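K.L.:
The primary structure of each chain is shown beneath.
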Amino acid sequence: MLDFPRWKQVFYWTIAGLAMLASLPSIASFSNLRWPSVLPRPEVNLGLDLAGGSHILLEADPSQVRRQRLEAMDEDVRQRLKQNAPDVRIGDISTKDGNVSFMVEDPGQIDKAREAVLPLTSGAQLTGKRDWDIQMLDGNRIVLTPTQAGIDQAITQAMDTATEVVRKRIDALGTREPTIIRQGADRIVVQVPGLKDPAALKSLLGQTAKLEFKLVDSTASQQDIAQGIAPPGSEIVPWAAGSSTSGAGAIAVKRLGGIKGDQLTNAQQTNDQRNNQPVVSITFDQAGGAKFAKLTTENVGKPFAIILDGKVISAPNINEPILGGSAQISGNFTTESANQLAISLRSGALPVDLKVVEERTVGPDLGADSIKKGMIAMMVGAIALMTFILVTYGRFGVYACVALVINMLMILGIMAVANTTLTLPGIAGFVLTIGAAVDANVLINERIREERHRGRRVVQAVEMGYKEASRAIFDANITNVIAAALMFFFGSGPVKGFAVVLVIGIMTSVFTAVTLTRMWVANWLRKARPADLAL
Amino acid sequence: MKLLKLIPDHTNIHFLRWRVPFYVVSLLLMAASITLVATRGLNMGVDFVGGQMIRVTFTQSAAAPVAALRGEVTALGYGEPIIQQFGKPNEISIRMKLPEGSDKDAGLADSMAKRITADIKARHPDVRLDGVDSVSGKVSKELGWTAFQALGFAALAVAAYIWIRFEWQFGVGALFALVHDVTLTLGMFALTQMEFDLNIVAALLTLIGYSLNDTIVVYDRIRENLKKFRKMPLPELLDLSVNETLARTIVTSLSMLITLCALLLLGPDVIFGFTAAITLGIFVGTYSSIYMAAPILIWLKVTPKSFVPTETAIDKQERLARERP
Chain A
599 MLDFPRWKQV
609 FYWTIAGLAM
619 LASLPSIASF
629 SNLRWPSVLP
639 RPEVNLGLDL
649 AGGSHILLEA
659 DPSQVRRQRL
669 EAMDEDVRQR
679 LKQNAPDVRI
689 GDISTKDGNV
699 SFMVEDPGQI
709 DKAREAVLPL
719 TSGAQLTGKR
729 DWDIQMLDGN
739 RIVLTPTQAG
749 IDQAITQAMD
759 TATEVVRKRI
769 DALGTREPTI
779 IRQGADRIVV
789 QVPGLKDPAA
799 LKSLLGQTAK
809 LEFKLVDSTA
819 SQQDIAQGIA
829 PPGSEIVPWA
839 AGSSTSGAGA
849 IAVKRLGGIK
859 GDQLTNAQQT
869 NDQRNNQPVV
879 SITFDQAGGA
889 KFAKLTTENV
899 GKPFAIILDG
909 KVISAPNINE
919 PILGGSAQIS
929 GNFTTESANQ
939 LAISLRSGAL
949 PVDLKVVEER
959 TVGPDLGADS
969 IKKGMIAMMV
979 GAIALMTFIL
989 VTYGRFGVYA
999 CVALVINMLM
1009 ILGIMAVANT
1019 TLTLPGIAGF
1029 VLTIGAAVDA
1039 NVLINERIRE
1049 ERHRGRRVVQ
1059 AVEMGYKEAS
1069 RAIFDANITN
1079 VIAAALMFFF
1089 GSGPVKGFAV
1099 VLVIGIMTSV
1109 FTAVTLTRMW
1119 VANWLRKARP
1129 ADLAL
Chain B
227 MKLLKLIPDH
237 TNIHFLRWRV
247 PFYVVSLLLM
257 AASITLVATR
267 GLNMGVDFVG
277 GQMIRVTFTQ
287 SAAAPVAALR
297 GEVTALGYGE
307 PIIQQFGKPN
317 EISIRMKLPE
327 GSDKDAGLAD
337 SMAKRITADI
347 KARHPDVRLD
357 GVDSVSGKVS
367 KELGWTAFQA
377 LGFAALAVAA
387 YIWIRFEWQF
397 GVGALFALVH
407 DVTLTLGMFA
417 LTQMEFDLNI
427 VAALLTLIGY
437 SLNDTIVVYD
447 RIRENLKKFR
457 KMPLPELLDL
467 SVNETLARTI
477 VTSLSMLITL
487 CALLLLGPDV
497 IFGFTAAITL
507 GIFVGTYSSI
517 YMAAPILIWL
527 KVTPKSFVPT
537 ETAIDKQERL
547 ARERP
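Heads up: the sequence lines are chains A and B, in that order.
To get the numbering used here, take the position in the first sequence, counting from 1, and add 598.
To get the numbering used here, take the position in the second sequence, counting from 1, and add 226.
By construction, these hints were calculated from the structure, which means they are not laboratory data.
Just so we're clear, the structure is a prediction, and the values are computed from it rather than from any experiment.
Accuracy of the hints is not assured; some may be wrong.
To be verified - Lysine-lysine pairs mimicking DSS-like chemistry, simulated, CA-CA at most 25 angstroms apart:
1. A:K971 - B:K314
2. A:K970 - B:K314
3. B:K323 - A:K953
4. A:K953 - A:K970
5. B:K340 - A:K953
6. B:K228 - A:K1125
Said to hold, decoys possible - Calculated Cβ distances over 12 angstroms to all of chain A for the following chain B residues:
7. K231
8. H236
9. L262
10. R281
11. P315
12. S362
13. E462
14. I476
Stated by the list, open to error - Computed footprint of chain A on chain B, listed as stretches where at least three residues anywhere in the stretch have a Cβ under 8 angstroms from a Cβ of chain A:
15. 366 to 375
16. 518 to 529
Where is the CB? At the ideal position from N, CA and C, for every residue including glycine.
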């Protein structure tokens, strides 16, 4: 137990030395000292609760993805049949009951219709199942039911796209080091340190930015619109707040034949040359530009509605065909809201609405205050504790105290190298670890004391002390690790930071308080050969 | 140099003599804590009931004008706020329920926070906005459930570990000591109405790990003595074990409390409740390792047999051979 060959001593010192070395950049940064830029600088990250910043949890509504898939399938079925089986006449197409069903007027053509729509379904990734089930009912009806595998795949894809869109939008704000992570099936966590105005970020993330251009159905009467009755093939869309020029609350637009605003190459906030109002200038890509040119050419003189996230923002007349592939979106904009829309359009529409279900924002002053107070508490606590240990255990107390200082530096160093995050509860974890680390030394020293009282000789007493105390130290540390592990798996950001400090602290404290002190005691015993221990 | 000795070397205190009265007192305290939690309730933070918490510091004033603020915020028409100091008297948190319909339109919660902070800033120019926490009803329910799961799993996992390392009676004893410590800590939160949030759950989890440290030291010694003194009556053996480890129990708890007190008095105000929970838990944990965890072994009838290897056939032959004259 007390035999430490030279290589072992060198090995232990190397471990301790390297870990302590890694803590230096963090210490320099806490004390506002400059760290030479030529040296590597692993540094402890500060959590949002210390550095200030915003944590935002966004949640998507999966039922929206399901609805969108049904609507898309509805349109695909119509188009597919028109193109590939124009002689098949269908009717009574419906997307109610969570599936797409339609009637084939001539039951003899049902197999042909089925053949035609079959390519619309495909395998859902790796599951070996199809994304839609096709059934034939009553000999004349075809029902396409989305499978669970298909729905899951669609939600995953929607969330992947949404995460990418969120990243682009946050990057457009020019904030530093945002963290954007998918969480569970339908959530995205966004963490942005040091943000001045979280409200702007939230409204940017909350904007789906689904832009549509649809022809206005002028046949609808104002009364029908007010009652929500749309002419066949049309739908009622409400005006966005403050945008309606006529004072009407809603407008009827044709459901089909419009184009979507997702085929853009650019969007910029500019000012209208005529009245200097803020507008958003958009540029279509080639395919989008062609579609837009066709729509405007075919409908000169008619009004069309610009619809953003299901609300009409303006409904200008098409005065002449727009062939250049660029257009201007006017509406009731301020410079900020036009700019925000431009960013949203540039980054693409969110495939699904996201709403903020949790937000935590911490001002930078509070964090700085917490770090300062945490440091003071740690220093005072450590000094008080070391004094207590010194007067209680003398020489063995000195070993314990040196081990404690090395322990503190090692925790910091390992945290820096492992790129973990120090949070406010993490500071408490640090202080707690200081208190707990000397526990091992107390157990060992008390045991040595006891063995001496039983009449064992010095070397034997020390050996027994370390051996017998190790059992309880081991068991106690395991229970602490169990609690910390559960905290890590169940806890949120700051609590996770606390658990990380505890676990690292438990590991380093076993090394410093047991292994290192044993080495020092062994060295001393060999050199001094004391006949008695002052303990 | 003369070393400090808090606990004399050979104490012989009959701790276990008072085990029944202490158990009665502890059970009464636990019952009182449960009653307090049930009747008075925990002052749940937004983490667990949803809503919005705005933290502000009045940088130029000694104390926040709580009564005036309550009136001002209520006048904004979002309902009555819960205003609470944390740390220093000039640091407060204002808690609001989320406005109706905010689960559909997230903008409502934002505009509420904006109006409240703008109003306070206009009336009190020295206000510094320290943070806004906004948690929806759905998320708060999930947070509550995960916290409950984490606490339950942690207590059971730790007790199971003790069972594996020792014997089932020790596992039960450790679990009981844990329930005791956590219940009393919850009772303190119900009594003082300090805010109960996610950090406090982390504190309780820490407690589940650390309050057992002393219990393990005592149990370890009980096991050792059970092997050593097979004929000794159990109460006597427990007393001996507790006395032998008394210095350890006291010094380790004291060293934890020294650092915790520094954190409590000088540390960041935001985690005062967190530190208070751990401090109380460590304190109660020291007592429970002596008076809760040890005596229960008498009632659960621990015997030295649990730790003495049973005699194999070969052992028996050897023993008989030895005993033959």
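K.L.:
Now tell me if each hint is right for this structure.
P.N.:
Now for the hints, and whether the structure bears them out:
no.: 1; hint: A:K971 - B:K314; result: holds (13 angstroms)
no.: 2; hint: A:K970 - B:K314; result: holds (15 angstroms)
no.: 3; hint: B:K323 - A:K953; result: holds (18 angstroms)
no.: 4; hint: A:K953 - A:K970; result: violated (36 angstroms)
no.: 5; hint: B:K340 - A:K953; result: holds (18 angstroms)
no.: 6; hint: B:K228 - A:K1125; result: holds (23 angstroms)
no.: 7; hint: K231; result: violated (8 angstroms)
no.: 8; hint: H236; result: violated (8 angstroms)
no.: 9; hint: L262; result: holds (25 angstroms)
no.: 10; hint: R281; result: violated (7 angstroms)
no.: 11; hint: P315; result: holds (15 angstroms)
no.: 12; hint: S362; result: violated (4 angstroms)
no.: 13; hint: E462; result: holds (19 angstroms)
no.: 14; hint: I476; result: violated (9 angstroms)
no.: 15; hint: 366 to 375; result: holds (count 4)
no.: 16; hint: 518 to 529; result: violated (count 0)
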